[in-house]
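The lines below spell out each chain.
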Amino acid sequence: MSPDPDELVEATEPPPEPMLEVRGLAKSFGDTAVLRSVDLDLLPGRVVCLIGPSGSGKTTVLRSLNGLETPDGGTLRAPLTGLEVDFSEPLTNATRNRVRDLSAMVFQQHNLFPHLTVLENVTEGPLRVQGRPRAEVEEEAHALLDRVGLHGKSGAFPAELSGGQQQRVGIVRALALRPQLLLFDEPTSSLDPELVGEVLSVMKGLADDGWTMVVVTHELAFARDVADDVLFLDGGVVLERGAPADIFTAPREERTRRFLDRLMRPF
Amino acid sequence: MDWDLVLSSLGPLAVGAITGTIPLALASFAIGIVIALLAALARLSPRWWLSGIARFYISVIRGTPLIVQLYVIFFGLPSIDVIIDPWPSAIIALSLNVGGYAAEVIRAAILSIPRGQWEAAYMIGMPRWLALRRIILPQAARVSVPPLSNTFISLVKDTALCSLILVTEMFRIAQQIAAFSNEFLLLYVEAAVLYWVICLVLSAGQDRLERRLERHVA
Ligand SMILES: Nc1ncnc2c1ncn2[C@@H]1O[C@H](COP(=O)(O)OP(=O)(O)O)[C@@H](O)[C@H]1O
Ligand SMILES: [Mg+2]
Chain B
0 MSPDPDELVE ATEPPPEPML EVRGLAKSFG DTAVLRSVDL DLLPGRVVCL IGPSGSGKTT
60 VLRSLNGLET PDGGTLRAPL TGLEVDFSEP LTNATRNRVR DLSAMVFQQH NLFPHLTVLE
120 NVTEGPLRVQ GRPRAEVEEE AHALLDRVGL HGKSGAFPAE LSGGQQQRVG IVRALALRPQ
180 LLLFDEPTSS LDPELVGEVL SVMKGLADDG WTMVVVTHEL AFARDVADDV LFLDGGVVLE
240 RGAPADIFTA PREERTRRFL DRLMRPF
Chain W
0 MDWDLVLSSL GPLAVGAITG TIPLALASFA IGIVIALLAA LARLSPRWWL SGIARFYISV
60 IRGTPLIVQL YVIFFGLPSI DVIIDPWPSA IIALSLNVGG YAAEVIRAAI LSIPRGQWEA
120 AYMIGMPRWL ALRRIILPQA ARVSVPPLSN TFISLVKDTA LCSLILVTEM FRIAQQIAAF
180 SNEFLLLYVE AAVLYWVICL VLSAGQDRLE RRLERHVA
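Protein chains in written order, with numbering that gives the first Met the number 0: chain B, 0 to 266; chain W, 0 to 217.
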């Protein structure tokens with residue numbers, strides 16, 4: 000007897016389509032090759048943590064994914080939207096915008112708009128760029144602000160908030176764009192230590208909700224707890240990648256081990 | 000001292016300020032700021048010819064005396080059959096002059112806005128012009144207020160030069176009364192005091208404006 004066709008499909012189901020597939024990403028500034036060849040796969044609902052020494056190009060990777068930097072080589076595929084980009088060819092504005100639309104970014108230095116209120120910071124993109132109806136956008140913005148513990152702050156200006164609150168507004172601003180994936184560039188590294196936790200716990204909540212995220216961070220406890228994959232970037236390539244438990248307890252590469260040692264025992 | 004003359008000339012001088020000096024300054028400033036904004040944006044443009052034109056304009060304005068600019072327009076242009084009345088001549092010359100100085104102020108203000116503001120604007124999907132209009136210029140405007148207030152105060156004083164091209168503003172009226180009464184010192188000091196009072200009022204307004212704008216800025 001042949002097996003039940005349904006079961007056959009089940010048994011041979013291919014791995015899920017990646018949300019994003021980056022191959023050979025390269026970027027030089029003048030003579031300095033910052034990214035030589037970076038590969039990155041992002042499955043829907045997964046969290047990838049990017050770690051690596053200062054100057055290893057972590058920010059450049061995120062900026063490239065958000066179209067803020069123009070890589071000079073490599074390819075990017077987003078199968079769900081049918082987007083395929085070859086960075087070795089000149090990047091048109093239309094393509095750059097399609098790349099940018101995939102993701103929303105949370106910056107290291109929050110980069111909130113100081114002349115706009117918290118609510119306006121959050122709704123500016125959905126209203127002015129995406130042209131969505133104001134009532135819907137504001138309702139969603141309030142719900143998101145409530146969710147990250149900023150109830151009642153919608154009329155405040157960024158300068159009136161603590162660093163942790165500012166960064167949470169930065170996260171809500173990103174969420175309000177309804178992106179497919181979220182990019183975080185060391186979102187807690189310019190915060191006072193006692194404010195780090197409130198931001199990380201919001202991020203953990205998003206991961207639990209199934210958001211697809213790329214997080215540059217030096218918070219190893221967060222990476223261990225939340226990341227599905229950890230990528231160690233060094234010398235312009237991903238030197239080592241794996242599950243956090245493997246990388247943190249048994250790094251294969253000497254450089255990874257030295258980097259983690261320095262992080263865990265700074266002096 | 001001829002107190003009667005002081006008092007009787009006060010009325011005509013005030014009329015000169017209200018119908019001459021102040022409207023001349025306001026109109027020239029308003030037009031000048033528009034010119035300045037365009038020149039500043041042109042100067043920041045990646046198109047070399049556009050920034051070249053702006054650079055040339057700014058350089059000429061800042062590198063030549065205002066009085067010469069006034070004379071070129073009012074006494075010079077008629078030689079090529081371009082005849083412009085005193086008032087429009089004055090407004091053209093003063094606007095172009097303000098435009099040249101304020102362009103540099105506005106350009107510096109735009110450049111002072113951190114790169115992260117542009118990047119956040121791009122991140123939320125804004126194209127360059129929208130980012131400029133919604134995010135960068137409102138912040139640059141705040142930064143520009145103190146130096147542009149100074150430009151305006153200078154402009155109020157510079158309008159006195161327009162008496163030389165026959166615009167009936169406060170200083171020209173002072174000159175006329177002085178010539179008529181032969182009381183030069185008295186009339187010119189009186190005019191000086193009135194300019195000073197106007198500038199004191201403007202400075203006070205500038206202080207209040209700056210304090211209001213400082214409120215939400217990090
Ligand atoms: N716009 C730029 N121009 C020149 N060099 C740059 C620029 N951006 C980044 N770099 C250089 O690229 C390298 C990697 O930077 P970055 O991606 O910020 O590293 P990381 O985030 O890992 O610290 C650094 O040496 C930095 O000086
Ligand atoms: Mg960085």
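Honestly, I wouldn't trust all of these hints.
For the chain W half of the interface with chain B, some residues (derived, Cβ under 10 Å), not all of them [to be verified]: (1) 22; (2) 25; (3) 116; (4) 121; (5) 123; (6) 129.
Hints were generated in silico from the structure; no laboratory data involved.
Even glycine gets a Cβ: it sits at the ideal position worked out from N, Cα and C.
Does the CB of residue 25 of chain W sit less than 10 Å away from some CB of chain B? 26 Å, violated
Does the interface hint hold: is residue 116 of chain W within less than 10 Å of chain B, judged Cβ to Cβ? It holds, given that the least Cβ distance between residue 116 of chain W and chain B is near 6 Å, below 10 Å.
For the hint on residue 129 of chain W, just tell me whether its beta-carbon gets within less than 10 Å of chain B. Holds, about 7 Å.
When the least beta-carbon distance from residue 121 of chain W to chain B is tested against 10 Å, hint result: Status holds, d = 6 Å.
Go through the hint on residue 22 of chain W and say holds or violated, using the shortest Cβ distance to chain B against 10 Å. 31 Å, violated
Given residue 123 of chain W as an interface hint, is the shortest Cβ-Cβ distance to chain B below 10 Å? Check passed: Cβ of residue 123 of chain W comes within 3 Å of chain B, closer than 10 Å.
Comparing the model with each earlier hint shows violations of hints 1, 2; every other hint is respected.
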